[in-house]
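Residue strings, one per chain:
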Amino acid sequence: MSWRRFFRRTDWDRERSAEIESYIQIETDENVARGMVPADARAAARRKFGNPALVREEIYRMNTVAFLDTLSREARHALRALRHNPTFTVVALLTLAIGIGANTAVFSVVNGVLLNPLRYPKADELVALHQEAPGAAGLASFSKGLPLSASMYFTYSEQNRSFQAMGVWSVNTANVTGLAEPEQVRVLVVSDGLLEALGVAPAAGRWLSAADQVPRGPERVMLSYGYWQRHFGGEPSAIGRNLTVDSRPREIAGVMPQGFRIADAEFDLLAPFQFDRNRSILAGFGLQGIARLKPGVSLAQANADLARLVPVWMHSWTNGPGTNGDAYATWRITPALRPLQQEVVGGVSDVLWIVMATIGLVMLVACANVTNLLLVRAGVRQHELALRSALGAGRGQIVGSLLVESVLLGLLSGVLGIGLAAAGLRLLQIIGPANLPRLAEISIDYRTLGFALLLSLVSGVLLGLIPAWRYAGPRISVVLRSAGRTASLSRERHRVRNLLVIAQVAMALVLLVSAGLMIRTFQVLRTVDPGFARAEHLQTMRINIPASLVAERERVIRIENEIVDKLSAIPGVTAAGFASEMPMEGYTSGWDEIFAQDHTYPQGEIQPLRLYKHVSPGFFHTAGTRLTAGRELTWAEVYNRRRVVLLSENLARELWGVPAAALGKHIRELPNDAWSEVIGVVQDVRETGVDQKAPETVYWPLDNPFIGVVRTATFVIRSDRAGTESFLNEMRQAVWSVNANLPVASLRTMQAVYEESLARTSFTLVMLAIAGSMALLLGIIGIYGVISYAVSQRRREIGIRLALGAEAGTLRGMFVRQALLLAGIGVALGMAASGVLMRLMKSLLFGISPLDPLTYAVVPLVLVAATVLASYLPARRAAAVDPVETLRAE
Amino acid sequence: MPRRESPLESEMLQGTLDMLVLRTLVPGPAHGHTIAHAIERGSEDVLQIEHGSLYPALHRLEDRGWIASFWGTSENNRKARYYRLTPAGRKHLHAQTARWEQVVYAIGRILKPAVE
Numbered sequence: 002m003s004w005r006r007f008f009r010r011t012d013w014d015r016e017r018s019a020e021i022e023s024y025i026q027i028e029t030d031e032n033v034a035r036g037m038v039p040a041d042a043r044a045a046a047r048r049k050f051g052n053p054a055l056v057r058e059e060i061y062r063m064n065t066v067a068f069l070d071t072l073s074r075e076a077r078h079a080l081r082a083l084r085h086n087p088t089f090t091v092v093a094l095l096t097l098a099i100g101i102g103a104n105t106a107v108f109s110v111v112n113g114v115l116l117n118p119l120r121y122p123k124a125d126e127l128v129a130l131h132q133e134a135p136g137a138a139g140l141a142s143f144s145k146g147l148p149l150s151a152s153m154y155f156t157y158s159e160q161n162r163s164f165q166a167m168g169v170w171s172v173n174t175a176n177v178t179g180l181a182e183p184e185q186v187r188v189l190v191v192s193d194g195l196l197e198a199l200g201v202a203p204a205a206g207r208w209l210s211a212a213d214q215v216p217r218g219p220e221r222v223m224l225s226y227g228y229w230q231r232h233f234g235g236e237p238s239a240i241g242r243n244l245t246v247d248s249r250p251r252e253i254a255g256v257m258p259q260g261f262r263i264a265d266a267e268f269d270l271l272a273p274f275q276f277d278r279n280r281s282i283l284a285g286f287g288l289q290g291i292a293r294l295k296p297g298v299s300l301a302q303a304n305a306d307l308a309r310l311v312p313v314w315m316h317s318w319t320n321g322p323g324t325n326g327d328a329y330a331t332w333r334i335t336p337a338l339r340p341l342q343q344e345v346v347g348g349v350s351d352v353l354w355i356v357m358a359t360i361g362l363v364m365l366v367a368c369a370n371v372t373n374l375l376l377v378r379a380g381v382r383q384h385e386l387a388l389r390s391a392l393g394a395g396r397g398q399i400v401g402s403l404l405v406e407s408v409l410l411g412l413l414s415g416v417l418g419i420g421l422a423a424a425g426l427r428l429l430q431i432i433g434p435a436n437l438p439r440l441a442e443i444s445i446d447y448r449t450l451g452f453a454l455l456l457s458l459v460s461g462v463l464l465g466l467i468p469a470w471r472y473a474g475p476r477i478s479v480v481l482r483s484a485g486r487t488a489s490l491s492r493e494r495h496r497v498r499n500l501l502v503i504a505q506v507a508m509a510l511v512l513l514v515s516a517g518l519m520i521r522t523f524q525v526l527r528t529v530d531p532g533f534a535r536a537e538h539l540q541t542m543r544i545n546i547p548a549s550l551v552a553e554r555e556r557v558i559r560i561e562n563e564i565v566d567k568l569s570a571i572p573g574v575t576a577a578g579f580a581s582e583m584p585m586e587g588y589t590s591g592w593d594e595i596f597a598q599d600h601t602y603p604q605g606e607i608q609p610l611r612l613y614k615h616v617s618p619g620f621f622h623t624a625g626t627r628l629t630a631g632r633e634l635t636w637a638e639v640y641n642r643r644r645v646v647l648l649s650e651n652l653a654r655e656l657w658g659v660p661a662a663a664l665g666k667h668i669r670e671l672p673n674d675a676w677s678e679v680i681g682v683v684q685d686v687r688e689t690g691v692d693q694k695a696p697e698t699v700y701w702p703l704d705n706p707f708i709g710v711v712r713t714a715t716f717v718i719r720s721d722r723a724g725t726e727s728f729l730n731e732m733r734q735a736v737w738s739v740n741a742n743l744p745v746a747s748l749r750t751m752q753a754v755y756e757e758s759l760a761r762t763s764f765t766l767v768m769l770a771i772a773g774s775m776a777l778l779l780g781i782i783g784i785y786g787v788i789s790y791a792v793s794q795r796r797r798e799i800g801i802r803l804a805l806g807a808e809a810g811t812l813r814g815m816f817v818r819q820a821l822l823l824a825g826i827g828v829a830l831g832m833a834a835s836g837v838l839m840r841l842m843k844s845l846l847f848g849i850s851p852l853d854p855l856t857y858a859v860v861p862l863v864l865v866a867a868t869v870l871a872s873y874l875p876a877r878r879a880a881a882v883d884p885v886e887t888l889r890a891e
Numbered sequence: 014m015p016r017r018e019s020p021l022e023s024e025m026l027q028g029t030l031d032m033l034v035l036r037t038l039v040p041g042p043a044h045g046h047t048i049a050h051a052i053e054r055g056s057e058d059v060l061q062i063e064h065g066s067l068y069p070a071l072h073r074l075e076d077r078g079w080i081a082s083f084w085g086t087s088e089n090n091r092k093a094r095y096y097r098l099t100p101a102g103r104k105h106l107h108a109q110t111a112r113w114e115q116v117v118y119a120i121g122r123i124l125k126p127a128v129e
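As they're listed, the protein sequences go chains U and Y.
Residue numbers for the first sequence follow our numbering, beginning at 2 and rising by one.
Residue numbers for the second sequence follow our numbering, beginning at 14 and rising by one.
Since the hints were made in silico from the structure, they are not lab data.
Ideal Cβ positions, reconstructed from N, Cα and C, are used throughout, including at glycine.
There could be a bad hint or two in this list.
As the list claims (entries may be wrong) - What follows is a set of in silico ranges between Cβ atoms, one per label pair, in the way DEER data are often shown: (1) Y/R54 to U/G393: 40 to 48 Å; (2) U/A45 to Y/G55: 18 to 26 Å; (3) Y/A81 to U/R15: 17 to 25 Å.
Said to hold, decoys possible - EDC-like mimics (lysine to aspartate or glutamate), calculated; alpha carbons at most 20 Å apart, straight line: (4) Y/K92 to U/D12; (5) Y/K92 to U/D599; (6) U/K666 to U/D599; (7) Y/K125 to U/E563; (8) Y/K92 to U/E31.
What the hints assert, rightly or not - Covered by chain U, according to a simulated footprint, are these stretches of chain Y (three or more residues, beta-carbon under 8 Å): (9) 37–46; (10) 68–80; (11) 107–113.
Construct all of the structure, not just a fragment, from the sequences and the given hints.
The structure is reproduced here in structure tokens:
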């Protein structure tokens with residue numbers, strides 16, 4: 002049997018008909034030649050041939066694939082049936098399409114972000130050199146763990162036995178001048194071994210190499226593809242040219258290909274580290290490491306290998322005379338390598354899986370609704386089905402025809418759903434939740450399409466199974482005897498519909514509780530004082546003054562002071578100042594120990610690390626950070642290099658009990674440093690996000706003999722005009738009036754920074770709220786449908802009751818009570834399920850328990866109110882039944 | 014796959030009809046009308062068949078690749094579909110004929126003594 006013939010069998014039939022006609026003509030010709038009258042000749046020819054229809058039929062059957070034949074007949078029948086019930090079809094198609102679309106969209110995000118490997122060759126060999134250090138308070142409390150120091154990089158990369166290659170990198174910015182306007186660009190500084198580990202070949206030129214890493218050697222950079230296109234038009238001649246980076250010429254060694262990133266970091270330039278081996282010390286933890294495992298080496302083996310090297314590192318390097326590397330033993334540094342993919346995806350995987358699960362629940366609710374619709378339809382059709390079965394259709398055939406219809410429905414919805422998903426993804430990419438990694442890599446690929454197809458098929462089959470199971474049974478006689486009047490509907494069928502509604506309500510409750518918990522989390526986060534005030538009127542701007550442009554410390558401070566003055570002079574500005582970084586900006590900060598004069602410290606023990614920041618006079622006033630005690634810095638103190646310092650409230654409390662007691666006390670950074678006097682204490686600031694603990698912080702002046710002068714700072718300007726274009730222009734002009742070579746970057750309002758830090762929570766909130774409302778809406782429709790159906794099935798009973806004098810109100814109450822009973826069971830089940838499931842959400846919640854009483858009280862009330870509404874409408878129709886009419890219809 | 018028997022097949026072994034059709038095509042291509050008459054005449058009218066029932070057989074043989082067809086013009090200038098033997102068909106015919114002769118010989122040997 003050939004498939005080609007199967008699909009071309011209409012053509013074949015035409016051919017055969019022509020052939021038969023040709024036979025009859027030839028035979029007729031011969032008969033005429035034998036002397037017959039033409040009419041008789043043709044009749045005789047036909048007799049000789051036999052029945053042409055039988056012959057054609059037989060040949061046609063030979064070309065038939067019976068299964069496909071049945072299928073296409075059933076599909077045509079189903080399509081016709083769907084066309085004749087436009088309301089049912091549109092409702093069912095839309096419900097399913099939205100469900101499939103939402104699931105496909107979310108799956109494509111999960112697929113692109115979590116499942117697809119990173120875009121490096123053999124990405125599964127890549128690991129992030131994550132290490133834990135429970136003893137290093139503060140520094141290692143980042144989600145990134147304890148970063149590496151340069152000396153660690155040397156020890157690990159030279160002595161490990163597990164890696165094919167390893168390197169370290171960190172994020173930086175630099176000023177590029179001499180091209181167009183001065184521009185601040187994103188620089189990733191990389192060590193030797195990093196590009197080798199990632200293994201992505203350059204698009205042009207060559208990689209940075211070990212030779213570029215030699216201190217005071219030639220200075221080279223690589224460009225990103227985008228930067229190459231923007232500034233050099235993609236010209237290969239850019240290789241070998243010089244680029245002025247931070248006022249120094251650097252030769253362009255090569256260009257990385259489009260889309261290349263290090264972990265999830267985008268960049269304009271790649272620059273090599275130039276570690277000075279002889280001056281490297283133990284400390285200086287600020288580097289992230291990436292390695293490529295040797296084939297066959299497991300994470301555990303590599304961890305053990307590095308754990309072996311931690312003591313080696315402690316003994317090979319020092320922090321200077323009088324210090325002891327063994328002190329780091331108290332940090333309990335433990336290598337905990339992670340697949341690079343996990344490091345990139347980070348906390349988002351929790352969010353995405355939860356969103357995927359919730360949207361899957363919505364799909365189930367949608368399926369329950371459509372199943373109910375199908376049950377109603379099958380109920381209407383049961384007379385037809387019984388007739389077919391009486392005429393000899395087997396149970397299999399009837400199940401088949403019901404399944405074909407529902408699968409067809411599923412597939413059609415799937416096609417619509419893929420369209421919806423594509424539109425949704427485009428929207429997602431336009432909105433671009435800032436903290437969603439790998440956003441650009443999300444697309445509808447074969448796996449996503451396969452998922453959508455599978456989902457459509459499975460939901461189609463599931464949808465069809467329940468009605469098929471209910472209606473294909475051998476109950477023909479019952480149905481036929483009742484002559485199409487479903488007098489006493491079997492309780493069983495009601496049971497199925499009721500169970501579906503209960504399940505719907507339970508699932509809707511779970512989704513609404515999860516959305517409710519997120520709303521409560523958001524509320525709590527909003528009430529947390531971040532440590533700055535009225536952020537929408539706070540403009541930020543990042544400026545860097547490289548040493549190659551202005552060498553002398555004194556002049557750097559003068560320039561910064563002048564910029565503050567010029568900014569303050571802009572109309573509408575009430576205050577201006579700057580700090581080494583603003584809270585939640587995500588720039589790497591410094592961490593170190595401090596020693597208080599009136600405390601004693603055991604020899605050789607490393608103290609908890611404190612966040613180090615540098616602030617200008619007037620900064621706290623500008624940012625709206627409250628002074629708990631004392632005062633701010635003055636410019637005079639800065640210029641005179643007075644040794645003064647401010648502390649955060651939690652640090653002051655830790656050292657001296659009450660903030661005010663800190664005033665006049667002295668602290669220092671190193672055991673043999675000069676003392677600095679505490680002149681002020683400020684409120685705690687949530688540096689790494691409102692949901693994170695405020696770190697203990699030391700605020701140093703701008704110029705510290707040991708640390709040097711602050712050259713990169715975020716300026717903050719308080720003004721009602723913050724964020725407007727004219728204001729930004731005046732700010733740039735103010736900066737350039739001081740020095741025209743200074744690029745101005747990161748112009749944002751503090752409100753934007755704040756909201757970005759809440760992006761993960763708000764993204765989850767929005768997704769769960771969408772899922773919750775969809776489920777609620779579908780649940781309401783489900784209850785409405787069930788009660789309407791019950792009313793329509795019980796019209797006669799209602800009529801009789803009314804005729805016997807029942808009150809309309811009692812009847813309405815009867816149906817509303819039925820709905821409430823169903824909803825009540827659903828709510829109870831949903832509450833129990835939520836109690837268990839919400840624990841999974843714990844990592845996303847802040848300040849409330851997964852069993853938040855308010856949420857668990859309000860959500861059921863909402864559902865019950867919705868149930869009353871959804872059942873009252875059809876119940877009202879019941880009371881409006883005309884008893885005379887229904888009784889006459891008997 | 015449901016396949017009902019054709020009127021011809023119920024009277025005659027299917028393989029036999031196939032063999033006859035193939036044999037008819039050995040001298041050269043022929044159309045359905047010629048084939049039907051050739052079988053009838055060749056058997057001295059012992060094998061009376063409804064000519065229409067020949068066509069499903071032709072279809073089946075073509076499906077198996079033993080014969081091939083093309084449109085041509087008949088002796089008296091009518092459009093007709095011609096069939097010709099393919100090499101595979103020729104091989105099949107030889108095999109079938111040999112087998113047939115064996116069977117006939119064997120059956121003959123068994124039946125002869127009873128007749129004598």
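Results for each hint:
Look at Y/R54 against U/G393: about 46 Å separates their beta carbons, and that is inside 40 to 48 Å. Between U/A45 and Y/G55 the Cβ separation comes to about 22 Å, which falls inside the hinted range of 18 to 26 Å. At roughly 19 Å, the beta-carbon separation of Y/A81 and U/R15 lies within the given 17 to 25 Å, and the hint holds. A hinted pair counts as satisfied when its Cα atoms are at most 20 Å apart, and Y/K92 with U/D12 qualifies at roughly 18 Å.
Taking the CA atoms of Y/K92 and U/D599, the gap is near 119 Å; set against the 20 Å cutoff, the hint is violated. As the CA atoms of U/K666 and U/D599 are separated by approximately 8 Å, the hinted pair is consistent with the 20 Å bound. Of the pairs offered as hints, the one joining Y/K125 and U/E563 is violated, with about 131 Å between alpha carbons and a cut-off of 20 Å exceeded. At roughly 15 Å between alpha-carbon atoms, Y/K92 and U/E31 fall within 20 Å of each other, so this suggested pair holds.
Remark: the region 37–46 of chain Y is confirmed as covered by chain U, as 3 of its residues place a Cβ nearer than 8 Å to a Cβ of that chain, reaching the required three. A stretch counts as covered by a chain when three or more of its residues have a beta carbon under 8 Å from one of that chain; for the region 68–80 of chain Y and chain U the count is 5, and the coverage holds. As drawn, the region 107–113 of chain Y meets chain U at 0 residues by the rule of a beta-carbon pair under 8 Å; below three, the given contact is violated.
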